[in-house]
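Top to bottom, those sequences are chains A and B.
Note that my numbering gives residue 98 to position 98 of the first sequence, counting from 1, and the numbers run on in steps of one.
Note that my numbering gives residue 435 to position 435 of the second sequence, counting from 1, and the numbers run on in steps of one.
These aren't lab readings, by the way, just hints derived from the structure by calculation.
Treat the hints loosely; a few may be bogus.
Partial list, derived from the structure: chain B residues whose beta carbon lies under 7 angstroms from chain A [stated by the list, open to error]: (1) Gly72; (2) Gly76; (3) Val92; (4) Met258; (5) Lys260.
The list that follows gives simulated cross-link-like pairs (lysine-lysine, DSSO-like), each with its CA atoms no further than 30 angstroms apart [what the hints assert, rightly or not]: (6) Lys335/B - Lys370/B; (7) Lys25/A - Lys335/B; (8) Lys260/B - Lys457/B; (9) Lys463/B - Lys260/B; (10) Lys334/B - Lys25/A; (11) Lys34/B - Lys25/A; (12) Lys25/A - Lys463/B; (13) Lys463/B - Lys334/B; (14) Lys260/B - Lys335/B; (15) Lys25/A - Lys260/B.
Treat the numbers as computed from the prediction; the structure is a model and nothing was measured.
Beta carbons: idealized from backbone N, C-alpha and C, even for Gly.
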Amino acid sequence: MNIDIIGLLTVFILAVFVGYEVISKVPSTLHTPLMSGTNAIHGIILIGTIIILSDSHGPVQIVLGTIAVFLATLNVVGGFVVTDRMLEMFSTKKSQPKSKSSSEEGK
Amino acid sequence: MLAVQFTIETAIRVAYLIAAVCFILALKGLTSPKSARRGNIIGAIGMLIAVGMTFTHGIHNTIYIIAAIVIGVVIGIPAARLVKMTAMPQMVAIFNGVGGGAAALVSYSEFIHSPDPHSFAIYQIVEVLLGVIVGCVSIAGSAIAFGKLQELMTGRPITYPFQQVINGVVAAAIVILAFVVVFSPSVSILLIITILALIFGVAFVLPIGGADVPVLISLLNSFTGLAVAASGFAIDNTLLVVAGTLVGASGTLLTQMMSKAMGRSLPNILFSAFGSVVTAASETGGEVRPVRSSTPDDLAVLLAYARKVVIVPGYGLAVAQAQHTIRELSDELKKRGVEVFYAIHPVAGRMPGHMNVLLAEANVPYDELKEMDEANPEFSTTDVALVVGANDVVNPAAHDSPGSPIYGMPILHVDDANAVIFLKRSMRPGFAGIENELLYNSKTTLLFGDAKDSLTKLVAAVKSL
């Protein structure tokens, strides 16, 4: 509890601007993958759940903490895998027009 | 001993910094088709670094942690890999919801771990409250959004009398109780707030339906980001604050872009269900008007002897899983020398960009997909526009009738084509619940039935010509 709250607030405000600026122009075809990708990134809560479960004592805290780690893990792996599957579609269609066999090899 | 701990602590913080940079690069990569996949992988690497380093932190309860992660991976990866492409949106909803739930649990646990809640500073309690409330709204809202998309419940807006008032009362109760907790910390009041926040999440989402659900998921996604940031404040973790805030901010912007692609404002999407339902009822309650419908054989002739055919795929195509059949039809037409391309509305399908993914899955060549701005000038030289399961995105009311709820939404100018064929399940209006004048136009022909059945028949009919 010794990290300066002002330090965290500084980080927070700067992250707001970075988050806003970094995706200024997104083609509408990428809206869904981007949503899914950001969905995976907030899976970072996994490290929060690990820290919390590590500090837990007694059955109630441990059960809650274990559920939290499980949920966060789902968020992380599901988020990244779903996003990758969506984007896989985008990359195959570029090699697609050449020949059918190339896409078969790709799989 | 002190020196060793210091270096591990430093290493963890450096790792967190690297992870934060990875996440920013991931977001940046996801904004362009070329770099998107690499961006996603960079994000995953950042996640791996951060989680790996957390384990060097002198972790207890390791068995529970490992077990929970293993179960999560064993369930999560197959679920994400095996789900059909058409069911992607609800998967995003569910993965978003569990993230919100985890964030709420982290904040909640931070509160109950303290032997004496009164030892918290006011700002610490505020951080806990924000994490719990926003996280709960996110998980409950995502669950309902999942139910709507998975068709476990009606996808249409659910309204009841005094809905806004009731939502307002619940929200006010949460705020008042939150003030009580700030000044007199109590686990039981926090529990009541948790339950109210879950109720609010459900109530907030119920009146949002149809094509608006994806925008809603995007909004809930940014909520989860903010809940994660709040948890980061509560447990003093910089990386949670950075990553959560990045998602919160970019998610908010993305939500605005999505609603703009639909030609609507966000408040309009979130709070307008009442108006549009009333309009729909008054317009569809009228007399039955004549439409022209035809058989697959006749329409096959129309298509096969056209010079240029534009296919307008929509939500109905996604639901009927007809993306492979539509490609077969366009292949048959191309064999006969017909010029075929697909006109993709920004919000076609279940989510923006979803239609591109579905058609790519069916091996439709990239260069045959045209975005709205590119496609619209082409309609005036098009012989036949084939509308498959789309409705609102081709509704001329969007630029003809200022009173319409979809007025101002950019649409595909299908009505400029020489002839229009609509594959429709029934005369039911689209998601916005608005009558489509184009259906009654003299150059429009309808083919009723499931999109996949109708297309299969069309393919057979074209082949036999």
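Under 7 angstroms is the threshold here; is the Cβ of Gly72/B close enough to any Cβ of chain A for the hint to stand?
holds (3 angstroms)
Could you check if Gly76/B really has its C-beta closer than 7 angstroms to a C-beta on chain A?
holds (4 angstroms)
Against the 30 angstroms threshold, does the CA-CA distance of Lys260/B and Lys457/B hold or violate the hint?
violated (37 angstroms)
Compare the distance between the alpha carbons of Lys34/B and Lys25/A with 30 angstroms, and conclude whether the hinted pair is satisfied.
Holds: Lys34/B and Lys25/A sit about 14 angstroms apart, inside 30 angstroms.
Within a Cα-Cα threshold of 30 angstroms, do Lys463/B and Lys260/B meet the stated pairing?
violated (41 angstroms)
Pairwise hint evaluation, Lys335/B against Lys260/B, where the allowed Cα distance is 30 angstroms at most
violated (39 angstroms)
Proposed proximity, Lys260/B with Lys25/A (alpha carbon, max 30 angstroms)
holds (13 angstroms)
Tell me if the straight-line CA distance from Lys25/A to Lys463/B falls inside 30 angstroms.
Since the Cα atoms of Lys25/A and Lys463/B sit roughly 44 angstroms apart, the hinted pair is violated (cutoff 30 angstroms).
Under 7 angstroms, Cβ to Cβ, is where Met258/B needs to be relative to chain A, so tell me if that hint holds or is violated.
holds (6 angstroms)
Assess, step by step, whether the Cα of Lys335/B is no farther than 30 angstroms from the Cα of Lys370/B, and give holds or violated.
holds (20 angstroms)
Tell me if the straight-line CA distance from Lys463/B to Lys334/B falls inside 30 angstroms.
holds (12 angstroms)
Per the CB criterion, is Val92/B less than 7 angstroms away from chain A?
With Cβ-Cβ at 5 angstroms, under 7 angstroms, it holds.
Checked against the numbered hints given earlier, the structure breaks hints 5, 7, 8, 9, 10, 12, 14 and satisfies all the rest.
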